[in-house]
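> Single-letter residue listing:
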Amino acid sequence: MEPFKVIKSKVTPLDISNVDTDQIIPKQFLKLIQRTGFGKYLFYDWRFDRDGNPKRKFVLNDPKYTGRQILLARDNFGSGSSREHAVWAIQDYGFKAIIAQSFADIFYINCFKVGLLPVSLRSEEIEYLFRNTDLNIEIDLFNQQVTIGAIITHFKIDEYRKKALLQGLDEIDVTLQLESKIAEYEKKNKVIAPYTDKP
Amino acid sequence: MPKTIFEKIWDNHIVYFEKEGSNDGPSLVYIDRHLLHEVTSPQAFDGLRLNGRRVRRPDLTFATMDHNVPTSNRSLPIVDQISRTQIQALAQNCKEFGITLFDFNNPNQGIVHVIGPEMGITLPGTTIVCGDSHTSTHGALGTLAFGIGTSEVEHVLATQCLWMYKPKTFAITITGKCKNPHAITAKDVILSIIKRIGTAGGTGTIIEYKGEMITDLSIEQRMTICNMSIEAGARAGLIVPDQKAFDYIRGRTYTPKGEQFEKMVDYWRENLITDANAKFERDITLNVNDLVPQVSWGTNPSMVIDVTDTIPYPDDFANGNENERKAALRALEYMALKPATPITDVQIDRVFIGSCTNSRLDDLLEASLVVKGRKVSCKVRAMVVPGSQQVKIEAERLGLDKVFKDAGFEWRESGCSMCLGMNSDILGPGERCASTSNRNFEGRQGSGGRTHLVSPVMAAAAAIEGHFVDVRKWL
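Chains A and B, in that order, give the protein sequences.
Residue numbering for the first sequence is 5 to 203, as defined by the numbering used here.
Residue numbering for the second sequence is 609 to 1083, as defined by the numbering used here.
Hint data in this document are derived by calculation from the structure and do not stem from the laboratory.
Errors might be hidden in some of the hints.
[As the list claims (entries may be wrong)] Quick list of in silico lysine-lysine cross-link-like pairs, BS3-like style, CA-CA up to 25 Å: (1) B/Lys-934 / A/Lys-61; (2) A/Lys-194 / B/Lys-946; (3) B/Lys-774 / A/Lys-191; (4) B/Lys-1081 / B/Lys-785; (5) B/Lys-1081 / A/Lys-192; (6) A/Lys-61 / B/Lys-946; (7) B/Lys-865 / A/Lys-192.
Could you build the full structure based on these sequences and the hints that come with them?
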């Protein structure tokens, strides 16, 4: 994973709450067996009509927002299906962070696995951002700080997740170093209940 | 200190704790059973190959094909080339890494959350993960089970563990008795819970369902409740296993046998309980004495009304929350519904009885009571998709296939089917469906399709009448 750097961009506002992962990446694209190339299908049914033509009213089709790296959303973003294809699509499209009032659990976890930063801000800050979508934003993960024009605010993030993003750690490598602890657990657990035995 | 069942299972599975003595670091949690399907696993296997890693415990890993398999004649080849590629990829990956696969033509094939309990892979007190959010289903047997993304699938394949932050505990106590237990089902209970707490009401928590009403439910009905925990935002639902659960598990293919089984039952009985004074971080009570059948009207599973109700006005639904008001407006437009319309006036085009929520034998039996001797409305196309080959065989032994077919239902092969429409079982644009599945999101069952979530008996009755009906009058 690439180490996470400071992001400087404006936001692309998606003014809808409870955006589920079925909307982020509809099912017909889940049949692909690779990890890349999902950006062109992001929000497919909202973005394109049945003939595949861009829908004018949808925010991603407004040239004003082209190239922006921060997706702005409302509450409970990423609810529903656990499909990681949703974060792959958002990242592949070019977003590096999502600012929302809140996130669904599995989606939030999936973001960290691919190096996409989910930032939760308070509802009044979210409202302010939706009213001022042309301000320059800076997201500084190390300092857990978002600069919105002249305003500076801070966000919470777990220390371990922050470190993993900033260093671009491979989580499996980290865990494999604990092999002796895993083996020890398996040995000990057989005595309590033989779940770790071959069924 | 008194503990909840969740805390006991959690504590039993900690391999390593990042910050000893504090609660805010991640824990390395051991995973006892890992279930795989064709859609969320191929990229995980690619990751293993790319890094030259092996599957640490292929013996604790089980795979099946369910999401995009056709539900038509199994002896024919799969027409959709991309689906076929994905299915073949799973078969190849399982072969390469030595994983047990219940493939397309296997008599144990079925929806992963139906076959896990059915084959005794799901056991009380274990941890189960799967790259599918409805893994919460397995909690009905006292299992800590939750959905994960593909990167986590890869992590579990490589290490048999997962880094997790300890979730909070949430007790939902269900009291009272449904007045008509055939017409008012576990599905109505869970829909009414989601209506009350919202789709993010359980975020960050594990829900424990308790109370006399839960004790009265069968194991399959408990699965319906735990299954939809994720629709309330909770990653897992849990029910303390009792004698019913132990009887359900006994004698299944992968269940321990003989003396070993009896020893495990003793262990479960003693350890898998929530202590009397255990504290939950959140706690609500729901009484079901006056519960009636539920129908969803909108585009998320909290947009639900009683079958006796009318479609709400956005202002009434939103209760002062502007985001919710806008969501309701969007939903009404997408669903092509007008406020104040009685839900029983809403005409439907399709009926789907199936999915990991409601495709087990209990569900099909109950629905067949409504269908027996009646005919599907000429305006409706209706299908039954059993959750597994074993459910299908058992239902056919009871003659349920004949009941459904005589009434005009299609009787199909097992799979996820029209719950998410990854195969050819989809709604056309604008089609309206009474569905026993779990998600009524925009386009979920097919681009432009409109989904109403209901119980199997409500879906069956709607198929007959061509519109929603209060099934209490029929049962």
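> Each hint should be assessed against the structure and marked as holding or not.
Hints, one by one, checked against the model:
no.: 1; hint: B/Lys-934 / A/Lys-61; in the structure: holds (16 Å)
no.: 2; hint: A/Lys-194 / B/Lys-946; in the structure: violated (59 Å)
no.: 3; hint: B/Lys-774 / A/Lys-191; in the structure: holds (24 Å)
no.: 4; hint: B/Lys-1081 / B/Lys-785; in the structure: holds (18 Å)
no.: 5; hint: B/Lys-1081 / A/Lys-192; in the structure: violated (57 Å)
no.: 6; hint: A/Lys-61 / B/Lys-946; in the structure: holds (24 Å)
no.: 7; hint: B/Lys-865 / A/Lys-192; in the structure: holds (21 Å)
The structure does not agree with the numbered hints 2 and 5 stated previously, though it agrees with the rest.
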